[in-house]
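Fit chain B to the supplied structure of chain A, relying on the hints for placement.
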Amino acid sequence: MSTSRGEGTRGRIGHRVPGRGPGPGRGRGMRDVVVIGAGVAGLAAAIRLAEAGLSVEVVAKGVGATHLAAAVVDVLGYAPGRVDSPAEALPAFVRDHPDHPYARLGPERIAEALSWFRGRVAELGYRGGLQRNLLLPSALGVPRPTALAPATMAEGDLRGGGRIVVVGFRALKDLHPRLLAENLALADVPGGRVEARAAEVALDLGAADLGAVALARRMEDPEVRKELLTELEPAVADGEAVAFPAVLGLDDAPGIWAELRGALGRPVFEVPTLPPSVPGIRLFRALRHALRRAGGRLTMGAEVVGAETGNGRVTAVLTRTGSRAVRHAARWFVLATGGVGGGGVGSDSTGAFRERVLGLPLRFLPPEGPPFLPGYLGAHPAARVGVAVDERMRPLGPDDAPALENVVAAGATIGGAEPWREKSGEGISIATGYAAAGTVLAEVG
Amino acid sequence: MRRLETDVLVIGGGSTGTGVLRDAAMRGFRTLLVERGDLATGTTGRFHGLLHSGGRYVVKDPRAARECIHENRILRRIAADCIEDTGGLFVTTPLDDPAYADRFVAACRETGVPCEEIPVAEALRREPRLNPRISRAFVVPDAAIDSWKTVWATVRSAQEHGGEVLPYHEVLRLLVEDGAVRGAVVRDHRGGEDLEIRAAFTINAAGAWAGRIARMAGCEVEVIPGKGIMIAMNHRLVNTVVNRCEMPSDGDIIVPIRTVSVIGTTDVRVADPDRWEIEPAEVQAMLDAGENLVPGFRRARALRAWGGVRPLYQERKAADTRDVTRAHTLLDHRARDGVERFLTITGGKFCTFRRMAEETVDAMCAQLGVEARCRTAEEPLPDSEEARYYWLGARVADREATLLEDQLICECEMVPRRKLEAAIRRRRTADLDDLRRSLRLGMGPCQGGFCMYRATGILHRELGLEAPRANRALLDFLQERWKGVRPVLYGDQLRQARLDDWIFQGLLDVEHLPTARPAEVARG
Numbered sequence: 015m016s017t018s019r020g021e022g023t024r025g026r027i028g029h030r031v032p033g034r035g036p037g038p039g040r041g042r043g044m045r046d047v048v049v050i051g052a053g054v055a056g057l058a059a060a061i062r063l064a065e066a067g068l069s070v071e072v073v074a075k076g077v078g079a080t081h082l083a084a085a086v087v088d089v090l091g092y093a094p095g096r097v098d099s100p101a102e103a104l105p106a107f108v109r110d111h112p113d114h115p116y117a118r119l120g121p122e123r124i125a126e127a128l129s130w131f132r133g134r135v136a137e138l139g140y141r142g143g144l145q146r147n148l149l150l151p152s153a154l155g156v157p158r159p160t161a162l163a164p165a166t167m168a169e170g171d172l173r174g175g176g177r178i179v180v181v182g183f184r185a186l187k188d189l190h191p192r193l194l195a196e197n198l199a200l201a202d203v204p205g206g207r208v209e210a211r212a213a214e215v216a217l218d219l220g221a222a223d224l225g226a227v228a229l230a231r232r233m234e235d236p237e238v239r240k241e242l243l244t245e246l247e248p249a250v251a252d253g254e255a256v257a258f259p260a261v262l263g264l265d266d267a268p269g270i271w272a273e274l275r276g277a278l279g280r281p282v283f284e285v286p287t288l289p290p291s292v293p294g295i296r297l298f299r300a301l302r303h304a305l306r307r308a309g310g311r312l313t314m315g316a317e318v319v320g321a322e323t324g325n326g327r328v329t330a331v332l333t334r335t336g337s338r339a340v341r342h343a344a345r346w347f348v349l350a351t352g353g354v355g356g357g358g359v360g361s362d363s364t365g366a367f368r369e370r371v372l373g374l375p376l377r378f379l380p381p382e383g384p385p386f387l388p389g390y391l392g393a394h395p396a397a398r399v400g401v402a403v404d405e406r407m408r409p410l411g412p413d414d415a416p417a418l419e420n421v422v423a424a425g426a427t428i429g430g431a432e433p434w435r436e437k438s439g440e441g442i443s444i445a446t447g448y449a450a451a452g453t454v455l456a457e458v459g
Numbered sequence: 090m091r092r093l094e095t096d097v098l099v100i101g102g103g104s105t106g107t108g109v110l111r112d113a114a115m116r117g118f119r120t121l122l123v124e125r126g127d128l129a130t131g132t133t134g135r136f137h138g139l140l141h142s143g144g145r146y147v148v149k150d151p152r153a154a155r156e157c158i159h160e161n162r163i164l165r166r167i168a169a170d171c172i173e174d175t176g177g178l179f180v181t182t183p184l185d186d187p188a189y190a191d192r193f194v195a196a197c198r199e200t201g202v203p204c205e206e207i208p209v210a211e212a213l214r215r216e217p218r219l220n221p222r223i224s225r226a227f228v229v230p231d232a233a234i235d236s237w238k239t240v241w242a243t244v245r246s247a248q249e250h251g252g253e254v255l256p257y258h259e260v261l262r263l264l265v266e267d268g269a270v271r272g273a274v275v276r277d278h279r280g281g282e283d284l285e286i287r288a289a290f291t292i293n294a295a296g297a298w299a300g301r302i303a304r305m306a307g308c309e310v311e312v313i314p315g316k317g318i319m320i321a322m323n324h325r326l327v328n329t330v331v332n333r334c335e336m337p338s339d340g341d342i343i344v345p346i347r348t349v350s351v352i353g354t355t356d357v358r359v360a361d362p363d364r365w366e367i368e369p370a371e372v373q374a375m376l377d378a379g380e381n382l383v384p385g386f387r388r389a390r391a392l393r394a395w396g397g398v399r400p401l402y403q404e405r406k407a408a409d410t411r412d413v414t415r416a417h418t419l420l421d422h423r424a425r426d427g428v429e430r431f432l433t434i435t436g437g438k439f440c441t442f443r444r445m446a447e448e449t450v451d452a453m454c455a456q457l458g459v460e461a462r463c464r465t466a467e468e469p470l471p472d473s474e475e476a477r478y479y480w481l482g483a484r485v486a487d488r489e490a491t492l493l494e495d496q497l498i499c500e501c502e503m504v505p506r507r508k509l510e511a512a513i514r515r516r517r518t519a520d521l522d523d524l525r526r527s528l529r530l531g532m533g534p535c536q537g538g539f540c541m542y543r544a545t546g547i548l549h550r551e552l553g554l555e556a557p558r559a560n561r562a563l564l565d566f567l568q569e570r571w572k573g574v575r576p577v578l579y580g581d582q583l584r585q586a587r588l589d590d591w592i593f594q595g596l597l598d599v600e601h602l603p604t605a606r607p608a609e610v611a612r613g
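These protein sequences, in sequence, are chains A and B. All you need for my numbering is the position in the first sequence, starting with 1, plus 14. All you need for my numbering is the position in the second sequence, starting with 1, plus 89.
Here chain A stands alone, though its shape is the one from the complex (with noise of 0.2 Å):
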């Protein structure tokens, strides 16, 4: 398919107003950008074109990942072995892991991104750092290495040492307290023990069965409240830091936070639960907001379903909503659609992988011989598969150039990772949804 619409109308962008543009309407006028995916990389690539003045959608089938992770910030938390600090660790990994991501990127690339994007989400009080990484317990009491973790997560860092009460309740079945206790008494941490056990709360919650999400629509009841605080105040011993599963509310996590931390006068903090994660959709609502007072649109439910090229250019986008096909046009695009998990990278029955929207080429595909080790564990040859970018977040075609002018990608679209090992996933995310935006800015700016 290929028209020739848009063509001609090449000029300045970036005039109007931001969050006043015409809008594409159905099918009507042209963005400066449209983002395909609302993950984190989707989102923070569109956060930094709309607060710089272009107009942007992000158009999405549906949430993007966000939901399902931690809301922390990973950046690089094995490489193999634990990572201490990324900062210092980042150099000699891209020099060993020339396909990586960051090593399109740089260190100093990843560093300012990371920075922009604390100041995006302030509300959510993001501390640490890339000198040294957080060590905070996973759901099964693993010491987990982060780089940035939410203001409600961040006292749960194990480096140090110390006393743990974890705090369960019966009704949420997607944490168990004694397991993570158990575990975290075993965990290796430097410079100290981390001593730790589990407090049941018989907290009447009206149902046997509470996903993370109801739970933290509860705890947004100042009654709710108060009657764990009188069941816990006895059953927390002195010098003991509390764990909570993270379900601290979803509109108010900072303040309810507070309040807890204040009456119980320790530290307090939150564990990751299975998914749906409630820190991960308070990072996404923080996000989207962000996007929106920048004047960003997005819109859900939008599938995209083809896509419109020509002169090695993609003019628009089509989505489908229900029955109703709309036409996206715009200067730019970027591709942020995930990788096989996201949904960005197909495969089918034969074994063949194929990138959804753009038909991109792909690279890091597994050589002849099977695509998956016989171990769970192991490093399988078609983990790593996504396209292949320029510095410049330019997706490669077969000869190594740019296959599209006016397209960058950002996100799991790229290969070339194993973020859920690596633990690098919102670090890759982020940085490269920076860097696309940085390279559109470049361009038309």
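So these bits of chain B aren't anywhere near chain A, every CB distance computed over 12 Å:
#, residue
1, 339
2, 468
3, 512
Computed from the model, here is a short list of chain A residues facing chain B with C-beta under 7 Å:
#, residue
4, 152
5, 154
6, 158
7, 187
8, 193
9, 197
10, 354
11, 363
12, 386
13, 390
14, 434
If you want the footprint, here are the derived chain B segments under chain A, 3+ residues with CB under 8 Å:
#, segment
15, 492-500
16, 534-545
17, 554-562
18, 567-573
19, 581-588
Hints were generated in silico from the structure; no laboratory data involved. Every residue, glycine too, gets a C-beta built ideally from N, C-alpha and C.
For chain B alone, kept in the frame of chain A given last:
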């Protein structure tokens, strides 16, 4: 070494062995069964779940067909709760020899397998996803049968009659004295201590492994392991068992069972029943076969692939194991090898396990000079007393009853928390895979992605396990599950697997859990 005494020792905890246990116990023998793993983990738990009408064998193996329809009728009576009465269809697809259908009809008549031809339009009305280019369709009384449930119910019935089972007990050697088998020495894989079991009679029901057991008594028995692979698709592509109306071949059956449908199977001779792999080419062949029966099969989501090894007995060598009879073989080692008090029952099919047990126990009674009548065809299994078939909505109905009081641990298979806790206490097992087979925990589309963390936490708490052992149980389960999903990782199931990677590796960081050594795990 600890010692035990019993009248009858049964070796092998598949359908045949547990059938023998029940039959012998019902006839008044003190009977003990040993199995090297968990019950129904050899071949029994690894088939497609088809309760044969016999239609599959009418042309090729009339004896097997007659046995199938005979036992089909009995099992529908005594094991109704384990059976979903899906009915079966034989359809002539574009790839099939059109002349076979008439031979099929004639052979059904000859063997007594009920068979009724219906118009193609009617078959397509019943099963709209079927290949519209089929040219003929026949209705037969096939059904779906849950092998685990059947084995557990058989064991419960045996226990009511005094029978006992020792899972995770592997036979190290047979006690052969004065030309007779007097029991066996077994190793307890969970407690570590060896056990000497003295028995008046020993029955080898070790299926594909029966040759190994027989050799321990100096009897040469050749059992050819015939590997068959199966793939479970994530929902019911058909609601009736669908067979190709053709000589038995690869991928000629789709069985709707529980919430999935299973396509099977292949037949490849392997040297060792414990060492074989699912080859990528076999998976591709199975998907092609599925495409022929249900167009679009390749775009549907495959959940898991597995294989089983059929025990095929033969006195002489055969190249294609499908040519060996599917009927069973009872070996009287007194007459054959001069070894007393020892029988081997092998070959056969899941559907005929009851009859195999009956013939075996009859032969034992004859040797012992005991008169006791078989009653297994008359007395229903526990929960099947009312002769009501299992129906797909049963779990939803159960769930509805406790909607507000209980947690749902496995959403895919609707396993509530109390049921899981009860199973953990009853089985005293720290092996999540045992619980999977008992409850279908983690068998749905997410293959344990959510329930396995929960189950680990509950297991740790219920059994008071040390954390490293609970951690090891989780890691062992993830590895076991990987075996099943790895051969079919594409499309939506690959996406699901990546989500699970994010949960287990990304979020929980299982790779860095402190664990007990593997050997310590299984010991509940």
